[in-house]
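**Student:** The primary structure of each chain is shown beneath.
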Amino acid sequence: MSPPTSVVSTIGPPIEPPRLHPIALRQARRARMPDGSIDVDRLLALMSETYTETDVDRRRTDHANRLMATELEAALSESALQNLRFKAALDNMNQGLALFDVFGRLVLTNQRFLDIYCLDDAPPGNTVDQVLGRSPCLLLGTAVEHCRLINEYRDVTSVGGAKIEQRLPDGRTITIERTRLADGGFLDTVADVTEARNASAQIAHLARHDALTNLPNRTLLHERLAEMVRNARRGDRCAMLGLDLDRFKLVNDTLGHPVGDALLVAVAERLVKLVRPHDVVARLGGDEFSILVQHVTSDDMVEQLCQRIIDTLTQPFEIAGNHIQIGASIGIALVEVDTIDPDTLLRDADLALYRAKRGGRGSYRFYTPDMHVFATRRRQLEIELRQALSSNQFEVHYQPQVDITTHTVIGFEALARWYHPERGVVPPGDFIGVCEEIGLIGAVGELVLKQSCRDAALWPKSIKIAVNLSPLQFKSGTLPAIVSQALSESGLDPKRLELEITEGAMLEDTASVIEQLQRLKEQGVLISLDDFGTGYSSLSHIRNFPFDRVKIDQSFVRDLGTNNDSLAIVRAVTGLCGSLGIMSIAEGVETLDQLNILIAEKCDSAQGYFYSRPVPLAETLPFISRMLEPQPKAA
Amino acid sequence: MWSKRINGEDPAETFPAIPDLVVVFGPTDRLADRGLTDRLMSSCGDAIVIGCSSGTMVDGDGLDDDAVVLLGMGFERTKLALAVQPLPSADGSFAAGAAIGMDLADDSLSAIFVLSNGLNVNGSALVAGIRSGTGDAVLLSGGLAGDGARFGDTRILAGGDCLSNAVAAIGFYGEHVRLAHGSAGEWQPFGPVRTISDANGAELCRLDHEPALALYERYLGDEAADLPASGLLYPLEIWDPAKPDDRVVRTLLAIDRDRGTLTFAGDMPQGWKARLMRGIFDDLVDGASTAAQHALHRASTWGVAPSACLAISCVGRRLLMGQRTEEEIAAVAAALHPDIALAGFYSYGEIAPQNVTGVPCLHNQTMTITLIGERV
Chain A
1 MSPPTSVVST IGPPIEPPRL HPIALRQARR ARMPDGSIDV DRLLALMSET YTETDVDRRR
61 TDHANRLMAT ELEAALSESA LQNLRFKAAL DNMNQGLALF DVFGRLVLTN QRFLDIYCLD
121 DAPPGNTVDQ VLGRSPCLLL GTAVEHCRLI NEYRDVTSVG GAKIEQRLPD GRTITIERTR
181 LADGGFLDTV ADVTEARNAS AQIAHLARHD ALTNLPNRTL LHERLAEMVR NARRGDRCAM
241 LGLDLDRFKL VNDTLGHPVG DALLVAVAER LVKLVRPHDV VARLGGDEFS ILVQHVTSDD
301 MVEQLCQRII DTLTQPFEIA GNHIQIGASI GIALVEVDTI DPDTLLRDAD LALYRAKRGG
361 RGSYRFYTPD MHVFATRRRQ LEIELRQALS SNQFEVHYQP QVDITTHTVI GFEALARWYH
421 PERGVVPPGD FIGVCEEIGL IGAVGELVLK QSCRDAALWP KSIKIAVNLS PLQFKSGTLP
481 AIVSQALSES GLDPKRLELE ITEGAMLEDT ASVIEQLQRL KEQGVLISLD DFGTGYSSLS
541 HIRNFPFDRV KIDQSFVRDL GTNNDSLAIV RAVTGLCGSL GIMSIAEGVE TLDQLNILIA
601 EKCDSAQGYF YSRPVPLAET LPFISRMLEP QPKAA
Chain B
1001 MWSKRINGED PAETFPAIPD LVVVFGPTDR LADRGLTDRL MSSCGDAIVI GCSSGTMVDG
1061 DGLDDDAVVL LGMGFERTKL ALAVQPLPSA DGSFAAGAAI GMDLADDSLS AIFVLSNGLN
1121 VNGSALVAGI RSGTGDAVLL SGGLAGDGAR FGDTRILAGG DCLSNAVAAI GFYGEHVRLA
1181 HGSAGEWQPF GPVRTISDAN GAELCRLDHE PALALYERYL GDEAADLPAS GLLYPLEIWD
1241 PAKPDDRVVR TLLAIDRDRG TLTFAGDMPQ GWKARLMRGI FDDLVDGAST AAQHALHRAS
1301 TWGVAPSACL AISCVGRRLL MGQRTEEEIA AVAAALHPDI ALAGFYSYGE IAPQNVTGVP
1361 CLHNQTMTIT LIGERV
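Read top to bottom, the protein sequences are chains A and B. Last residue of the first sequence? That's 635 in the numbering used here, and every number before it is there in order. Last residue of the second sequence? That's 1376 in the numbering used here, and every number before it is there in order.
Because the hints were derived from the structure by calculation, they are not lab data. It is possible that part of the hints are untrue.
The list that follows gives simulated cross-link-like pairs (lysine to any residue, SDA-like), each with its CA atoms no further than 25 Å apart [to be verified]:
1) 1273(B) / 70(A)
2) 1273(B) / 64(A)
3) 1273(B) / 79(A)
4) 1273(B) / 74(A)
5) 1273(B) / 77(A)
6) 602(A) / 546(A)
7) 1273(B) / 76(A)
8) 1079(B) / 1132(B)
9) 273(A) / 206(A)
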């Protein structure tokens, strides 16, 4: 396209063509007439159109720019609002949060991060060192610690989502977790885990301590033993004391568990004061304590300590207004440290304690190997007794009870016999106590009761059967029901059944025992007091319950004729019974002299080898028949 | 091969020989004039005649809103075929395209130039339909007929008929024919990034939960009265947020004032991001030049110079630039050798291979260039 060589205008002389804008050139071309002249109207119209188009475009642009500005402003406001929301969300996180860019420069933190490091602010652009360097809580420690804490933080690796834990100088524990970001930066989350760690420590403490007394428990005692063994020097000796409180159960039963618990705490405090700092007082459960005495130089030293413990614990306690008197028994296992087996040591102390308690409360005993032998035998006995019960090795023998004025049989006392497959017949004194200790007495007692009732039902109706009861048989409160069942199963007249209880049964939970005895009496069963004179011989027992008969213990009967004290006692008992209208019976009568004294003292009946040893059921009826025949009259 | 552009209204202008193919662009009312078309057909002999309506024709390096422009081409070794299919509604776009593809498909088919009705058409579906019939080895370009800012009636000229609802295509066969393409828009995105919150196919209902029509009305101000034509001033750049580098431009075709929706010349996937675009005159002109340069670069390997150039530009560019629209066609002409016969039209949608992938698709708001040559 070439510019026009001349412009023909109707409004002026020809002018030199100017350097025209391309639009103007195009417009000139469009306005050119076939003869080469310019159609001015057409040209003006085109020019006007161009101005109009330019105006329109400018207006469009202005309008669009204004709208866009408004929209962007709204978007920015929304963005600012969103930022505020994000900030609120971040600031309310439980964890501190710090975002660093690829150059390790801080981008942002939340308020929690500042709180954790006690910072007023953390300027963006700062490095980890600069941010943490201003933290007053990191400055509380030494310069070395300050440096270490910052270095550890800075060098947290992000591999596998690394996490470190730091303990700050002010005692708090924090975790720092770093996450690498796609842009090369990293995001750190910092959590204050002090409470969680304290809770863990508390749990760990609880796992090793008794919650009530805060003394070490069995676990910690074992750990201390193991530690002692590790650090032992040749020849070092130690003592393990097993300690049981005397009469603690009575406190619990009579004053309630809160008082019992307070007593245990008080005992723990006294014990801790009695030992050296490196000794360990542990509570293993109930009223059972253990004391590990380290660096034992002599047996005397241990004995003195045990005596001090017993003396101290025998001193009265004042708990919640109650004046409480208890005592303590101690078993001692004394060993060389490098030979220790912790379980054996505790067991030996326990065996010695058992012996101390059996030997009379308020005493201590050293472990001796025979205790272990005894314990082993006892364990064997326990196993055999359980087998005996399941394989019917028990039998009942009967010892006649005779009216000493008529010499007629008035009844039999049932006595359990254990036919041991190897040892033969085992007398009750050798196993009833063990049965009581291992909880078999209920089953054995029930077996004897039922067998006795069945057997007695075979005898003439004038013959009674006397069955011994263990105090422990009253514990469950089911005794009246068991007796009732035995009677109904056997068809025995209740009046023919006499239950013998010892004074011991009356000592614990007297109310419950008396209540059960009354129910038994209501069934028509006779109740007698066994072994009278050997225990507390409290007359209140006779007054508290209407016994049908009192049995004079064989220890007094044996001495009749040789010991005036025994005679006095027998006389007192028979006199008492006569006055109260209670029948009396003497056991263990072996000689005619003894019998004559009993007759003279107006005792009602007797049993013993003078008449007959205990016999199997099969011999009972012949004996009854024999006794109906005239007997030699006592002098 | 020879080619020549002539003015269809001037009986004095003739082709140097009987052409094999004549491409005609003219105003709707002129193409609907039976007298004119009959005369044109008789002057073209046995040539295949294909054409479409437009509000503005490319006539060499200038533009003409009224002219009927003919581009005649004579080939020595290239066979041609014409396919015509009805396109009664936009829903039939894929089927019509597929039918065209099947009509023209042949082992020796090299390229297709397609002209379609500009209203009631889904250009994306049409292209997909043709590709389904021919495969991607066949070059495809063309455009949707226009009607200026009126959006009232578009026509397709095929054989001797001027059709309202149709698609017509020329198949170029053999190994001698060469076609090269280039396209560029150079519209600039502006304003906030929005989200297509509700859309149905090519119908855009809501942007950022706001009725899409309301947004356009706000931006157009007084010019909203001229919708949908004025909507061309603000095409939409859209992209899948998962592929932010792969962006396409969508131009407005129709509006529904009652429903507050806008219909674009291609799909508007829900969840995609969208941003308004605007044209800056110099950028658009540079874009047109870039499209021509790209096509020429492609043609540089032919071993023969291009003979003809079909320039199809978007009516949106015409509406925005007004008289200055001529500058973009001048930029195209300046890039081409003076011997290349240049004709074209302002369309309601441009079809050409993508510059990078070569996959044919519907473009919006672009200048697309189709260079034609024949190596004998």
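**Student:** Which of the numbered hints above does this structure break?
**Tutor:** none
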